[in-house]
Amino acid sequence: MVQLSLPKNSKVKKGKYFKDKTGSKNLRKINIYRWDPSTEENPRIDTYEVDMDNCPSKVLDILNKIKNEIDPTLAYRRSCAHGVCGSCAMNMGGKNGLACTTPHAEIDGDIDIYPLPHLKVKRDLIGDLDGLYKQYQSIEPWLKNNSTKQTTEIYQSKEDRAKLDGAYECIMCACCSTSCPSYWWNGDKYLGPAVLLQAYRWIIDSRDEERKARLKKVSDELKLYRCHTILNCTNACPKGLNPAKAIAEIKKMLATANV
Amino acid sequence: MENRPLSPHIQIYKWHISSLVSISHRITGIINFFAITLICIWFALMLLGESNYQIIKNFLETFLGKFILIGITWSFSFQMLSEVRHLIMDLGYGFELQTTKITGLLVIFGSIVLTILIYLIGRGLI
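For the record, the sequence lines run as chains L and B. Throughout the first sequence, residue numbering follows our numbering, covering 1 to 259 in sequence. Throughout the second sequence, residue numbering follows our numbering, covering 1001 to 1126 in sequence.
Since the hints were made in silico from the structure, they are not lab data. The structure presented is a predicted model; accordingly, all values stated were derived computationally and were not measured. Take the hints with a grain of salt, since some may be wrong.
Some but not every residue of chain L turned toward chain B, in silico, with C-beta under 8 Å [unchecked claim]:
1) MET52
2) THR73
3) ARG77
4) TYR225
5) LEU231
6) ALA244
Here are the simulated DSS-like pairs of lysine-lysine, each with C-alpha atoms no more than 30 Å apart in a straight line [said to hold, decoys possible]:
7) L:LYS252 x B:LYS1057
8) L:LYS149 x L:LYS217
9) L:LYS95 x B:LYS1014
10) L:LYS67 x B:LYS1066
11) L:LYS189 x L:LYS149
Label pairs and their computed distance ranges (CB to CB) [said to hold, decoys possible]:
12) B:LEU1069 x L:LYS25: 38 to 44 Å
13) L:TYR225 x B:LEU1047: 38 to 44 Å
14) B:TRP1042 x L:LYS134: 51 to 57 Å
15) L:LYS239 x B:THR1099: 40 to 46 Å
All C-beta atoms in this analysis are idealised placements derived from N, C-alpha and C, irrespective of residue type, glycine included.
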């Protein structure tokens, strides 16, 4: 059932205000979603005044600055800082993306930072992605070849290899799936753009022998057809991939093939 | 563990052209469902006598009636154009971000232009 408002324990309250102590003239207000699991309190929005004269260009730099210089209790995931690992996926200025590749200059006014939407929050900006990982596991994202005799490399033509472009680059940061309204309302059953893009990646792999079985598996009113081409996913993808198109291709294959 | 809050979603997520067209497609779909029902009732009433026709005609000539008529015209126009957009997408075309923006804008402005056109044709002005 579509739940437009947040449950009672998730209503966001106004939090603390951290005034600038550096005396800088180039200040920006950063509003960050905070929730501490050790208290019984509701989530809150803390506001930080950050000196932008001494801050590098990305949103992650702002978070690091806040954690190092203003408030060490702030919790968020980050690792590579180069858009490769997908750890720092979050919602900035109303749009999902990687904090390490999103320039803060692209966001107008005060910068609002939230965890990825419609997830159970573990703490501050850290959402629980277990459900998504379980769905990823369910599509069996590995090469399936039934031949027991083959001991050599399985060759693939350049054309067949090119089909994987735009699908294999996915870093599973979950920006797309958590931007999708269909995934918000039906996330327990609908696979969501990230997982469907990977399902597509294995369906079109020329070396895989389970194509039909894979197609049959995703051919489901809830698993696949909850996609209504809202295109939030393609808009959100920090790697410039197109999950919406991949889903459309799967639908097309199901419509034309006899599965 | 069970007390974990749900992170904000529709409350904070930024709208863009494609998501607006998508939600409007649903809303106009619901409006059209009721509009068609209304039109069917009108036709059924007409079968029952001339005076019934006059009552509804009088209503449709009021400000509210005109608003409803123009609203329905827009709603049908929007639904039709948006449906064509979705048909093209179902064929696997038009998924590039720039293209989705352009086709989305075409649907929005096209529906307004179509409404005006239908109005003018209906009034015998063109």
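Hint by hint, here is what the structure shows:
1. MET52: 22 Å, violated
2. THR73: Result: violated, 17 Å to nearest chain B Cβ.
3. ARG77: 14 Å, violated
4. TYR225: 11 Å, violated
5. LEU231: This interface hint holds because 4 Å falls under the 8 Å limit.
6. ALA244: At about 6 Å, which falls below the 8 Å cut-off, the nearest Cβ of chain B leaves the hint on ALA244 of chain L intact, so it holds.
7. L:LYS252 x B:LYS1057: 47 Å, violated
8. L:LYS149 x L:LYS217: Within the cut-off at roughly 27 Å; holds.
9. L:LYS95 x B:LYS1014: OK: LYS95 of chain L and LYS1014 of chain B at ~6 Å, within 30 Å.
10. L:LYS67 x B:LYS1066: 59 Å, violated
11. L:LYS189 x L:LYS149: 38 Å, violated
12. B:LEU1069 x L:LYS25: 38 to 44 Å: Taking Cβ atoms as reference, LEU1069 of chain B and LYS25 of chain L lie about 58 Å apart, which means the hint is violated.
13. L:TYR225 x B:LEU1047: 38 to 44 Å: 40 Å, holds
14. B:TRP1042 x L:LYS134: 51 to 57 Å: 52 Å, holds
15. L:LYS239 x B:THR1099: 40 to 46 Å: Check failed, 19 Å falls outside 40 to 46 Å.
The structure shown violates the earlier hints numbered 1, 2, 3, 4, 7, 10, 11, 12, 15.
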